[in-house]
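Could you put together the complete structure from these sequences and hints?
There are 6 protein chains.
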Amino acid sequence: MKKKLLYAGSFDPVTNGHLDMITRACALCDDMVIGVVKNHSKKSRYSFDDRVSMIKLATVHLEHIEIDSFQGLLADYVKDRGINAVLRGLRANADFEYELQMAQMNARLFEGKIETVFLMTNPEYSFVSSSIIHEVFSLGGDVSGLVPDRVLEYMKSLR
Amino acid sequence: MKKKLLYAGSFDPVTNGHLDMITRACALCDDMVIGVVKNHSKKSRYSFDDRVSMIKLATVHLEHIEIDSFQGLLADYVKDRGINAVLRGLRANADFEYELQMAQMNARLFEGKIETVFLMTNPEYSFVSSSIIHEVFSLGGDVSGLVPDRVLEYMKSLR
Amino acid sequence: MKKKLLYAGSFDPVTNGHLDMITRACALCDDMVIGVVKNHSKKSRYSFDDRVSMIKLATVHLEHIEIDSFQGLLADYVKDRGINAVLRGLRANADFEYELQMAQMNARLFEGKIETVFLMTNPEYSFVSSSIIHEVFSLGGDVSGLVPDRVLEYMKSLR
Amino acid sequence: MKKKLLYAGSFDPVTNGHLDMITRACALCDDMVIGVVKNHSKKSRYSFDDRVSMIKLATVHLEHIEIDSFQGLLADYVKDRGINAVLRGLRANADFEYELQMAQMNARLFEGKIETVFLMTNPEYSFVSSSIIHEVFSLGGDVSGLVPDRVLEYMKSLR
Amino acid sequence: MKKKLLYAGSFDPVTNGHLDMITRACALCDDMVIGVVKNHSKKSRYSFDDRVSMIKLATVHLEHIEIDSFQGLLADYVKDRGINAVLRGLRANADFEYELQMAQMNARLFEGKIETVFLMTNPEYSFVSSSIIHEVFSLGGDVSGLVPDRVLEYMKSLR
Amino acid sequence: MKKKLLYAGSFDPVTNGHLDMITRACALCDDMVIGVVKNHSKKSRYSFDDRVSMIKLATVHLEHIEIDSFQGLLADYVKDRGINAVLRGLRANADFEYELQMAQMNARLFEGKIETVFLMTNPEYSFVSSSIIHEVFSLGGDVSGLVPDRVLEYMKSLR
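Residue numbers (the working numbering), protein chains in the order written: chain A, 6 to 164; chain B, 6 to 164; chain C, 6 to 164; chain D, 6 to 164; chain E, 6 to 164; chain F, 6 to 164.
What the hints contain is simulated information worked out from the structure, not anything from laboratory work.
Everything numeric in this text was worked out from a predicted model, so none of it was measured.
Just so you know, even glycine gets a beta-carbon here, dropped at the ideal spot from N, CA and C.
Do not rely on the hints blindly, as some may be mistaken.
For each label pair, taking beta carbons as the anchor points, the in silico distance ranges come out as [said to hold, decoys possible]:
| no. | chain 1 | residue 1 | chain 2 | residue 2 | range |
| --- | --- | --- | --- | --- | --- |
| 1 | B | 74 | D | 68 | 58 to 66 Å |
| 2 | D | 147 | F | 44 | 15 to 23 Å |
| 3 | D | 145 | E | 117 | 34 to 42 Å |
| 4 | E | 43 | C | 117 | 35 to 43 Å |
| 5 | B | 35 | C | 28 | 40 to 48 Å |
| 6 | D | 145 | B | 71 | 51 to 59 Å |
| 7 | D | 67 | E | 116 | 56 to 64 Å |
Laid out in structure tokens, this is it:
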């Protein structure tokens, strides 16, 4: 049986923390679907199309990856797509409590057929989040090394 | 490629929290090795042989599981045994910080070839640990439903 | 002396976590006032009247409970109503820090005459909050068992 | 119905944090039993008799308080003594996680008939614990204001 | 070499917690710059001019303090102003995680030339934040003792 | 006025996390005293003399550093030595709560004359502690890059 993993998020923008997670998880599954959230309740910083473009640029060198859009209930999406497990990254305690709550709710909605699996962040990226990257970048700070080079170029081209 | 997962611990004694973790992780891998720690620095409550007997009783109904003893450096063991990933359970923030530290240290020792993957505890067992089970049981309290029935019988037979 | 307990919240909507808290606290006091917040700073998902209707449906089987509306400063309300203690539920660390801050501030405003008492959540409902219930329900997910049946019917009738 | 509250601990030694908790909880119940733990697994700093003497000195001015010894399973003791609720204090996150675990385990053992209720520490005593008091006192540091005056005299008399 | 410390914030309004931090930090440096944030992303409760006036009232008795406005990237500001270290206060775990993230990001942007140093809050003010002060004050509650007297008068004059 | 900073610990053994803290703090003070704890309540892994030798090896390239032994009450030591501030490192929430407690207790004992100042760990060393280093090293694992090279040689020479 082939194992298909989902990594969903708004990727607003994708960071080297996300890319590290994707790269490491690739080795644990047969195929990975990256689900870019379309109807994220928080207004997104970048448009859906830009967020998809950036994650394509970030993962162009990786195989067995499909980039898809995702909206609505995660539980419906994973059933429709034949996903075996959902991947989440953990950086800090604040993440942990939110992720615990979501994983326990999803365990009910998944009816025990799909698992949420977690990887711990690489310490190098423990302080990296899309929001801090965006805040620093928008104030003119240097975020090279924290987002993939091609993504940084894309971000600069939109300014 | 077959995926082999390691779940290591002292299982002193094995609880329904452990068993829930094992059962759910079975669906994510091809084979699972349960590594019962032999040289645990904390003195164990039950002998190594009793701990192995209990985990065998707990998992007798499951397939693709091998129970092995484990001592020394985890990084050496996983390389020797051809493990692809190490499984850990997460219950609470206190777990999280310790597990984050161990996973980041092991990421170095594993040289990026083996991952530590985490599952969140089932809320039903969020307060269950080997030490609280042992404490309540040794004071004569009822722990049925928190350890597998066959394990509870075994624990009673040792009194 | 009769002990009167206040359980205040926005109940937007009331969940089985709230109901568990109310049921358990009933055994600790003589009377309980459920104070439905009227001027909650966050915009509420359901109207004040709907939130009151739902909590009435949820507690119709319980005695010694009065449902009241509440706005303004908690310290003023509890003095006006002759409350002896304020009840709060604790689920997770994130709750804890906020609740510690509020309880310490209120201890000043209560002038040592009224206490804030806490009960720990039932593990079965540890991941249940009004916001996650609303999010899943509004996306069409199944929340039965997490809100009282009569409340779920009410929620469906408003769709 | 009269409400009887239990406050159990090793009180090794009793601090002003404990006394603040006892004083505040007195107003919430009809009677309070202070259960001094006899068989505490950690070796105690002061003998059982000294710990009882110190808590008697600390609470001599309070009414409706009974000081008792306690050993074995808490659930057995509270049933035997007709306790309605168990009181615990919360200072910090580290307390919270341990207390959540114990309260959820005890909820099972109490069979829903007895509750664990929590009060938040007074910020003035948020950093006060028996162990830090003992450590500072034994190194000759000044702990006045952090333990009741009569308890401090008693501690000095034992040097 | 003279050590110049920056304490930046929105001070919306300044509290006795802030003032305690400023007073204690004065003893650790030669000069202190208080940087009142001008373009804070959250809409401020008080106007920039009112926030500056209040912090001037709060610190009028202190020497070697300069009150300045601050906007844009912190890293640029500290280089421009010849700051040696940035001061931050820590109250609770929730603070800690956010501060850890910001300090690690700023360490990159500061290129190792400027440090972020932390002081722990005085327990007396552990529950005091600008937002809780504002919430209680705006509902008519008594916040005396939690903000400097002159600041409280100023706040009342604006009602 | 010259600022003298104390960095006290058991350094059992000193790690690159400690060294990073020392190097960064040097830039914030005029002189630094490294106080190697002599009477540490936990039995130390390395002898006092070995711990001193290792920290000397680790800091041989740094100026304005004095290595001293320290026992008894910190508050007495800092007064005797004319220390202006005590330095502590923060890695994780678990550190934070312990450090908050110690800093608040010491603030009393220091009578407001000496401060405890904190630096956040470099993310590169966030998972590094003396105990995990010792555990991995004693099981034959590779800890190069996590302790200074000269310290690692010293540790190997003692095997």
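Here is how each hint holds up against the structure:
{"no.": "1", "hint": "B/74 <-> D/68: 58 to 66 Å", "result": "holds (60 Å)"}
{"no.": "2", "hint": "D/147 <-> F/44: 15 to 23 Å", "result": "holds (20 Å)"}
{"no.": "3", "hint": "D/145 <-> E/117: 34 to 42 Å", "result": "holds (41 Å)"}
{"no.": "4", "hint": "E/43 <-> C/117: 35 to 43 Å", "result": "holds (41 Å)"}
{"no.": "5", "hint": "B/35 <-> C/28: 40 to 48 Å", "result": "holds (46 Å)"}
{"no.": "6", "hint": "D/145 <-> B/71: 51 to 59 Å", "result": "holds (58 Å)"}
{"no.": "7", "hint": "D/67 <-> E/116: 56 to 64 Å", "result": "holds (60 Å)"}
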